[in-house]
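Build the full structure now, drawing on both the sequences and the hints.
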Amino acid sequence: MRILRVLAGRELRDGLRNRWVLAVTLLLAALALALAFVGSAPVGQVGATPLEVVVVSLASLSILLLPLIALLLSFDAIVGESERGTLLLLLAGPVLRWQVVLGKFLGQIAILVVATVLGYGTAAVAVAARSGTPDAEAAGAFATLIGSSVLLGAAFVALGLLVSVLVRERQTAAGAALGLWLVFAVIYDLALLGLLVADAGRHMTPGLLEALLLVNPADTFRLLNLTGFAGVQALSGMAGLAGEVSPSIPVMVSVLLAWTALPLIGATLVFARREP
Amino acid sequence: MAHPVELQGAAKRYGALTALEASSLSLVAGEVLALVGHNGAGKTTLMKLILGLIRPSAGTVRVFGADPAGREGGAIRKRIGFLPESVGFAGAMTGAEVLRFFLALRGEPAVSAGPLLERVGLAHAAGRRVSTYSKGMRQRLGLAQALIGRPAVLLLDEPTTGLDPTLRQTFYDIVADLRGEGCAVLLSSHALAELEHRADRVAILERGRLVAHGRLAELRRAAGLPVRIRVTLPNAAAPIAGLRGLGAEPVGAGMMELRVTNGAKIEMLGRLAGLRPMIEDIEVLPPSLDEVYARLRNGGGEVEP
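Quick mapping for you: the protein sequence lines, in order, are chains C and F. Under the numbering used here, the first residue of the first sequence carries the number 383, and numbering increases by one thereafter. Under the numbering used here, the first residue of the second sequence carries the number 2, and numbering increases by one thereafter.
It is possible that part of the hints are untrue.
Stated by the list, open to error - Partial pick of chain F residues on the chain C-facing surface, computed with a CB cut under 10 Å:
#1 Leu-54
#2 Phe-90
#3 Gly-92
#4 Gly-143
As the list claims (entries may be wrong) - Label-pair ranges, simulated between beta-carbon atoms:
#5 C:Arg-656 / F:Arg-129: 28 to 38 Å
#6 F:Gly-31 / C:Gly-529: 53 to 63 Å
#7 C:Ile-569 / F:Arg-169: 52 to 62 Å
#8 F:Ala-67 / C:Thr-554: 28 to 38 Å
#9 F:Pro-287 / C:Arg-395: 32 to 42 Å
#10 C:Ala-492 / F:Arg-129: 22 to 32 Å
#11 F:Gly-128 / C:Pro-658: 43 to 53 Å
Don't read these hints as lab results, they were simulated from the structure. For glycine and all other residues, C-beta sits at the position ideal for the given N, C-alpha and C.
Here it is in structure tokens:
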């Protein structure tokens, strides 16, 4: 326990020192504030509260941004230490391999939690200051956004760590991390859309679509945020989809947790076999 | 009593490459064992085996009676201090921060950082970023890190390579202190000559093979190199026929040299004493450690302690 705390604390401190935490927090806050003020104009008649508008905008943004931030945080964790020659000394200490992986994971999650809560929280506070205290449903949607953002980040931190223990060079790890981001955040959705159009409803059942969406953590995150609450659903145009595809919240959370746990376990197993 | 570190027939192969052939060695409490060999001879491999960072392909490695690559690894490594050959630290941290991190990792109080830095002569640079440190300063910091928590086993991989003589002396002084406290020290070097009076035992590795292992005196005997006896003649006189008869060769003006086996040394000295009026001085030169090393590396002698 002490070792996990020390390793995680080191990651968080490094993140604070090299301004990662600051940069990510500012970026998220700036985008969240911009969306909160600019994006609230065209709400019209759909019956969504200002905070729900922010949730929809931020969720769409998070799908692209958080996986990228998480991968950038984590891809270097092991392979970078190995290249700088600091890994040998770390492993020669009283640590076990899984503690190194888990400690770094926890530290990087802490960075994401700080950045997300502060960054997105700023927007929530700003909206509340302007439009009054949000109702319970909107607040719930916002809390879900922050929670699921951290979960989404966790899944991609775990994937980044897996990359970091699998490859031998930083460059390779950076390339692989970027590749993962492209696949999960961009290409997968395009491919799925193409498939839906080409199929024209002949083979694609709602069940299959649901499964395909749950395969990708980024899509699971989207479903979780955009279909979970009525106001948000109406606003995001996901109402039609939500009628057909509606995995329960526990299922979606479990999917995100599995996307975190499996790569993390994989990274631990690979790292345990590695001979520095 | 079992020794803190025991290797029995431990070998390490990477595919077709043999990093270490079956080797049996022990580290004894209160003793310094020097591991001598060229780069790639298997010195670092041996240390990694003791640390449990790699697993032996054959044989066993026992540290404090347990497998260092097993579940006990963390607890075992807590009692081992290690200084790697090229020690790397996160450059953005200060020396004191680096040390506090390793202290925390080992569950030692952060206040120990001061005395440790003092001990390795780095107190003045404690607040400077490690990226500004010289090679010698990084090495000092590495040593400070290895001394955390009074280790029972200390592994130093080429600790003095590239260090100036003063710093080298500091290193050996600290090693001597630890040895006095009962620490089992393993230090590697590629120069045997440096280890005279500093190592209790020496193990010579050549391309992954343990070619010799024993006390320095034993290694000297095992090498079977001749002792040189240098005779100085008075007044730079011409070489003497009587000495020539014993097999002496002139070496420079007024000096002759004999080479005899260690066993024949005393007898030869007796015969030389008989020639006393013609001789001014006699010097006995044992084979240098560099010569012993070169001979043993080439398979000169097998010694088991």
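Hints, one by one, checked against the model:
Evaluation of the F:Leu-54 hint against chain C yields a held restraint, the C-beta minimum of about 6 Å falling below 10 Å. Of the supplied interface hints, the one on F:Phe-90 holds, with its beta-carbon coming within about 6 Å of a beta-carbon of chain C, less than 10 Å. Proximity of F:Gly-92 to chain C holds as hinted, the smallest CB-CB distance being about 8 Å (cut-off 10 Å). Because the beta carbon of F:Gly-143 sits about 8 Å from the nearest beta carbon in chain C, less than 10 Å, this interface hint is met.
Range check, C:Arg-656 to F:Arg-129: about 33 Å between beta-carbon atoms, so the 28 to 38 Å window is met. For F:Gly-31 and C:Gly-529, the hinted distance range of 53 to 63 Å is satisfied, since their beta carbons lie about 58 Å from each other. Checking the proposed 52 to 62 Å range against C:Ile-569 and F:Arg-169 shows it holds: the Cβ atoms sit about 58 Å from each other. Between F:Ala-67 and C:Thr-554 the C-beta distance comes to about 36 Å, which sits within the given range of 28 to 38 Å.
Here the CB-CB span from F:Pro-287 to C:Arg-395 is close to 56 Å, at odds with the stated 32 to 42 Å. Our hint of 22 to 32 Å for C:Ala-492 and F:Arg-129 holds, since their Cβ atoms are close to 28 Å apart. Separation of F:Gly-128 from C:Pro-658 is about 31 Å and departs from the stated range, judged on CB atoms against 43 to 53 Å.
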